[in-house]
Amino acid sequence: MELTRRELVAAFLGSAVASGCKREQPRAPIPGAIVDRAVEVGHRLRGGPLPRAQTLETVDVLVVGAGVAGLSAAWRLASAGVKDVRVVELEAEPGGTSRSGKNAVSAFPWGAHYLPAPTEDRGPVVRLLREMGAVSGVDAQGLPTFEEELLIQEPEERHFYRGHWYDGLYLRVGATAEDLAELERFDAKMNAFAAARDAKGRKAFAVPTARSSDDAEWTALDALSMAAWLTREGFRSTRLKWLVDYACRDDYGATSEHVSAWAGIWYFAARQDGQGERSEGFLSWPEGNGRLVHQLLSALPPRAVERDVLVHTVEPGEQGCRVDALDSRTGKPRSFQARQVVLACPRFLAAHLVAPWRTARPAFLDAFTYAPWVVANLTLSSLPESRGFPLAWDNVFQESNSLGYVVATHQRLRQDERGPTVLTWYLPMSGADVKAERTKALSASYADWEALVMADMRPAHPGILQQAQRLEVQRWGHAMVRPTPGFMWGPERRAAQESVGRHLHFAHTDLGGLALFEEANWFGVKAAERVLSELGQASASWL
Amino acid sequence: MNKTLLYITVIVIATCGLVYELVVGALASYLLGDSITQFSTVIGGYLFAMGIGSYLSRYIDKGVAQRFVEVELAVALLGGLCAPVLFLTFTLTDLFQVALYGSVIIIGTLVGLEIPLLLRILKDQLKFKDLVSQVLSLDYLGALAASVAFPLLLVPKLGLVRTSLLFGVLNAAVGLWSTWLLAPLLGNPLRLRVKAVMLTVLLMVGFVLGDRLTTFYEDQLYADDVVHASSSPYQRIVLTRGKRGFSLFLNGNLQFASVDEYRYHESLVHPAMVRAGRAEHVLILGGGDGLAAREVLRYPEVRSVTLVDLDPAITGLAMGYGELSKLNENALKDSRMRVINADAMQFLMEGDQRYDVVVVDFPDPNNFALGKLYTTGFYKLLKKRVAPDGVAVVQSTSPLFARRSFWCVETTLKAAGFWTQPYHALVPSFGEWGYVLVAHEAPGHHRPLPEGLRFLDMPTLESLTLFPPDMSPLPTEVNRLNNQVLVHYYEEEWRRWN
Ligand SMILES: Cc1cc2nc3c(=O)[nH]c(=O)nc-3n(C[C@H](O)[C@H](O)[C@H](O)COP(=O)(O)OP(=O)(O)OC[C@H]3O[C@@H](n4cnc5c(N)ncnc54)[C@H](O)[C@@H]3O)c2cc1C
Numbered sequence: 002m003e004l005t006r007r008e009l010v011a012a013f014l015g016s017a018v019a020s021g022c023k024r025e026q027p028r029a030p031i032p033g034a035i036v037d038r039a040v041e042v043g044h045r046l047r048g049g050p051l052p053r054a055q056t057l058e059t060v061d062v063l064v065v066g067a068g069v070a071g072l073s074a075a076w077r078l079a080s081a082g083v084k085d086v087r088v089v090e091l092e093a094e095p096g097g098t099s100r101s102g103k104n105a106v107s108a109f110p111w112g113a114h115y116l117p118a119p120t121e122d123r124g125p126v127v128r129l130l131r132e133m134g135a136v137s138g139v140d141a142q143g144l145p146t147f148e149e150e151l152l153i154q155e156p157e158e159r160h161f162y163r164g165h166w167y168d169g170l171y172l173r174v175g176a177t178a179e180d181l182a183e184l185e186r187f188d189a190k191m192n193a194f195a196a197a198r199d200a201k202g203r204k205a206f207a208v209p210t211a212r213s214s215d216d217a218e219w220t221a222l223d224a225l226s227m228a229a230w231l232t233r234e235g236f237r238s239t240r241l242k243w244l245v246d247y248a249c250r251d252d253y254g255a256t257s258e259h260v261s262a263w264a265g266i267w268y269f270a271a272r273q274d275g276q277g278e279r280s281e282g283f284l285s286w287p288e289g290n291g292r293l294v295h296q297l298l299s300a301l302p303p304r305a306v307e308r309d310v311l312v313h314t315v316e317p318g319e320q321g322c323r324v325d326a327l328d329s330r331t332g333k334p335r336s337f338q339a340r341q342v343v344l345a346c347p348r349f350l351a352a353h354l355v356a357p358w359r360t361a362r363p364a365f366l367d368a369f370t371y372a373p374w375v376v377a378n379l380t381l382s383s384l385p386e387s388r389g390f391p392l393a394w395d396n397v398f399q400e401s402n403s404l405g406y407v408v409a410t411h412q413r414l415r416q417d418e419r420g421p422t423v424l425t426w427y428l429p430m431s432g433a434d435v436k437a438e439r440t441k442a443l444s445a446s447y448a449d450w451e452a453l454v455m456a457d458m459r460p461a462h463p464g465i466l467q468q469a470q471r472l473e474v475q476r477w478g479h480a481m482v483r484p485t486p487g488f489m490w491g492p493e494r495r496a497a498q499e500s501v502g503r504h505l506h507f508a509h510t511d512l513g514g515l516a517l518f519e520e521a522n523w524f525g526v527k528a529a530e531r532v533l534s535e536l537g538q539a540s541a542s543w544l
Numbered sequence: 002m003n004k005t006l007l008y009i010t011v012i013v014i015a016t017c018g019l020v021y022e023l024v025v026g027a028l029a030s031y032l033l034g035d036s037i038t039q040f041s042t043v044i045g046g047y048l049f050a051m052g053i054g055s056y057l058s059r060y061i062d063k064g065v066a067q068r069f070v071e072v073e074l075a076v077a078l079l080g081g082l083c084a085p086v087l088f089l090t091f092t093l094t095d096l097f098q099v100a101l102y103g104s105v106i107i108i109g110t111l112v113g114l115e116i117p118l119l120l121r122i123l124k125d126q127l128k129f130k131d132l133v134s135q136v137l138s139l140d141y142l143g144a145l146a147a148s149v150a151f152p153l154l155l156v157p158k159l160g161l162v163r164t165s166l167l168f169g170v171l172n173a174a175v176g177l178w179s180t181w182l183l184a185p186l187l188g189n190p191l192r193l194r195v196k197a198v199m200l201t202v203l204l205m206v207g208f209v210l211g212d213r214l215t216t217f218y219e220d221q222l223y224a225d226d227v228v229h230a231s232s233s234p235y236q237r238i239v240l241t242r243g244k245r246g247f248s249l250f251l252n253g254n255l256q257f258a259s260v261d262e263y264r265y266h267e268s269l270v271h272p273a274m275v276r277a278g279r280a281e282h283v284l285i286l287g288g289g290d291g292l293a294a295r296e297v298l299r300y301p302e303v304r305s306v307t308l309v310d311l312d313p314a315i316t317g318l319a320m321g322y323g324e325l326s327k328l329n330e331n332a333l334k335d336s337r338m339r340v341i342n343a344d345a346m347q348f349l350m351e352g353d354q355r356y357d358v359v360v361v362d363f364p365d366p367n368n369f370a371l372g373k374l375y376t377t378g379f380y381k382l383l384k385k386r387v388a389p390d391g392v393a394v395v396q397s398t399s400p401l402f403a404r405r406s407f408w409c410v411e412t413t414l415k416a417a418g419f420w421t422q423p424y425h426a427l428v429p430s431f432g433e434w435g436y437v438l439v440a441h442e443a444p445g446h447h448r449p450l451p452e453g454l455r456f457l458d459m460p461t462l463e464s465l466t467l468f469p470p471d472m473s474p475l476p477t478e479v480n481r482l483n484n485q486v487l488v489h490y491y492e493e494e495w496r497r498w499n
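If you read the sequences in order, they're chains C and F. In this text, residue positions in the first sequence follow this note's numbering: the first is 2, and each later residue adds one. In this text, residue positions in the second sequence follow this note's numbering: the first is 2, and each later residue adds one.
By construction, these hints were calculated from the structure, which means they are not laboratory data. Note that this is a predicted model, so its numbers are computed, not measured. Where is the CB? At the ideal position from N, CA and C, for every residue including glycine. There's no promise every hint is true.
Here chain C is said to cover these stretches of chain F; the calculated rule only asks that three of the stretch's residues, wherever they fall, bring their Cβ under 8 Å from a Cβ of chain C [unchecked claim]: (1) 342 to 355; (2) 368 to 381; (3) 477 to 490.
Derived, one-sided and incomplete: chain C residues facing chain F with beta-carbon distance under 7 Å [claimed, not checked]: (4) Leu-144; (5) Glu-148; (6) Glu-149; (7) Leu-152; (8) Gln-154; (9) Glu-386; (10) Gly-389; (11) Leu-414; (12) Arg-415; (13) Gln-416; (14) Asp-417; (15) Glu-418.
Whenever a hint applies, use it, and build me the whole structure from the sequences.
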């Protein structure tokens, strides 16, 4: 069935954007393409028995997946002096959901684009940032400070509402006294959560989540949704609800109805010190967290990562694991015998790969759900025109289902800000039924996506059609694990973290329940440390 | 009566009528935004006014042909001038909306008169059914021509002002040839002819000078005569001359006035020059007008001066515009000068040569792009380029009008690791103006002031570091790339004075 353009826009971006759609003369579409291989790979994995190679390549440690988790595991192993480590990755480029791209204008992210500056001086993330020279020193309280040019420059964020851009994220124009009072009460509550510690001195809400207190006082919040919590606490302001929904969509790909209250509060409370100030702000680079991926890669021996290798079977045995794979370009089979395996892919894929799970599927796998996302990179010949508050790093459309866009050239150290740029547009598919959302995301054609991105952008940026040079669209079918109510502190997530025997270990951000660099990195390092102790090379933990 | 000429007349009338409507609609949405509302109210108002015009045509009884020519000339005048006049009202007054809808109604009414009058003139020449069919179909054809040409040809090639003037000319031409076409029906074609010729010439002159009209608006904005105006990709550059000399404006902000700029530039340059360990290699960031360079070049010790300014239009003007190069004493043509048109931040980042003296003369931090040039991020780059016994100076806005902003610059320089010495001087065109002298550590005095200064001598120079209570230090935050507090301070403080 053909949708009209207005119906298409309504279905993906909401009725407010659709009603702003002007009639337009037929025009040549902006050149571009859908760039992912999402559909193709999935089909191969589900398509029945796959060939196995005659000869076995042997390796001490095989890491499956060169996302942040897999690369973090390899980074930990390299620094412990383990030499024979191989990372295999099905895509042509490493990085997973933190992958980045580059064109003549700028580097740009395909997924993850920022890292909140750590507020504590411990753990593997700060270690990585030190290695890359991003830490400038420590302040009077002994907390790390960061190189100024890496912190997101002002103006950091702005939002578009009915024809005008405004500073910040919260819609202040037309807010009533009650709205503002609720915002203040909400902030105070979040600051209190941020400052809360349990009897053992652990933060109630910590980064990574594994460091958080397991006291029922807070974990009980996991049972209800963030929306239910707002209602319970007497919050009624639609503006506040928008802000909370925005947060949940931004970090979890779901609205507050489908996010655990514990996770919703975590967003506001974990990355600050309780003073209501994020002490250092966000770190970002033109290529987003792709910069962190490159840092991890640079710590590995030159040929440690092999691309275009699709692993389809992992079979744990007595002496190690047999791993079967395909060269994803030629289709040629390859097999490995590894003493240790770190499977650094998400649960929904692990379910297909781990051989014993095919016959006896562990129940915990079903607790993991993933929101689809679509990311588009739009190259412009010059900065977009706008009315009201000037262009910021993060530019949010108040009335759209999209999150708006970030500007790749924002961190450029230049007095002259004009010139071409790349905008990275984000659309979380935040409906309740993730399967339906996935089908919907995959059904739209390039022409549809082009119409959608431009319908979103044009009201806020007169003339953008003339500036647009190229549009590339990346669909992430399983972009982000969703912290649905009960998931963060339920038994399934814990069970999924357990190794299978002594040779197969798991790492991925989904084990933390939230899709974040810190989680992926934490579980990567953790799996590597298990490998180290199995290899008899245990050293002081980085965690 | 020549039919072909008549038909051409109808087409031209129709095209002009629609073009004015489009010009006004486009102008309204361009200046007021919200194009849907602007266009639909302008078009609705215009059509309604045409209706009024058609209705009013019944009250014209005698001399229909005479009235027709007069209407043509009136439309030519008002329609032709509508874009420049509306621009002017927008820049000079608060009455834009009144002028906008006023012109919509008046021009619309006049245009509404045209066709009914013409029909009445022709009613004896043709059969009624032919008359209506031919005139109306040509009328619609003209409308089509206008609506196609307007977006594709006229606006891109001519712009709004010259489009409206061009069609004014065409309209006046119609008036003119009608005086021949309808000569038998006119009592005294000569007077109308003279009027029409005058009007055509007037509008043609306007069309030719279309670009300079922009300057004319600026004449109204500035108290003095505009003697040079140009636009670079970076800014609008305007030089004015009045009784007391001339002044340079960038984007409407005064950069200097020749009467008292010596006070500003002597205070900017000499405190740093006399305190630097050596003064052989000097860097000037900003200052494309060459006036700071003039002061630097007074020292025979200076061997090289590197001037980095973003805008080639400014440095070009400083070299090529007689009055300005006289004022800067041909500084930019001095053999010791090297002029680089580049981004100052990029320039600092990309090289590593150190300078004995660095003069930082940027526009005030009134937006985020300029605010960057006042952050610790920028000053750390600067610090790497100042020689160990070198000195830099930063123009730092007014410590009186923008007291917190001034002290914020000083606090930020300190946070970047500089030793600082704030000072200020009175520059009447600007008011009380502030600077911060910085170095790696407190410098001594190393050389005397040069000859020929009008403002500074040693005792005066020493007195500049005294701050009376109303300009004394205030605690402020450090201006960083990731907070840009200075832009907020600055905006808040200057708003109070404006
Ligand atoms: C649109 C979007 C925006 C995001 N924004 C942010 C952000 O701003 N900040 C933030 O911290 N986080 C963000 N995230 C979360 C991001 O997912 C994590 O930061 C992190 O990249 C997760 O890494 P991972 O290694 O756990 O998983 P993945 O990125 O999923 O990596 C898994 C890797 O394994 C590979 N793989 C899978 N199966 C196989 C197989 N069978 N054989 C071989 N290889 C295989 C995959 O190709 C992939 O490279 C975002 C995510 C998305 C989708």
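Status of each hint after checking the structure:
no., hint, verdict
1, 342 to 355, "holds (count 5)"
2, 368 to 381, "holds (count 11)"
3, 477 to 490, "holds (count 6)"
4, Leu-144, "16 Å, violated"
5, Glu-148, "9 Å, violated"
6, Glu-149, "4 Å, holds"
7, Leu-152, "4 Å, holds"
8, Gln-154, "4 Å, holds"
9, Glu-386, "11 Å, violated"
10, Gly-389, "10 Å, violated"
11, Leu-414, "5 Å, holds"
12, Arg-415, "5 Å, holds"
13, Gln-416, "5 Å, holds"
14, Asp-417, "5 Å, holds"
15, Glu-418, "5 Å, holds"
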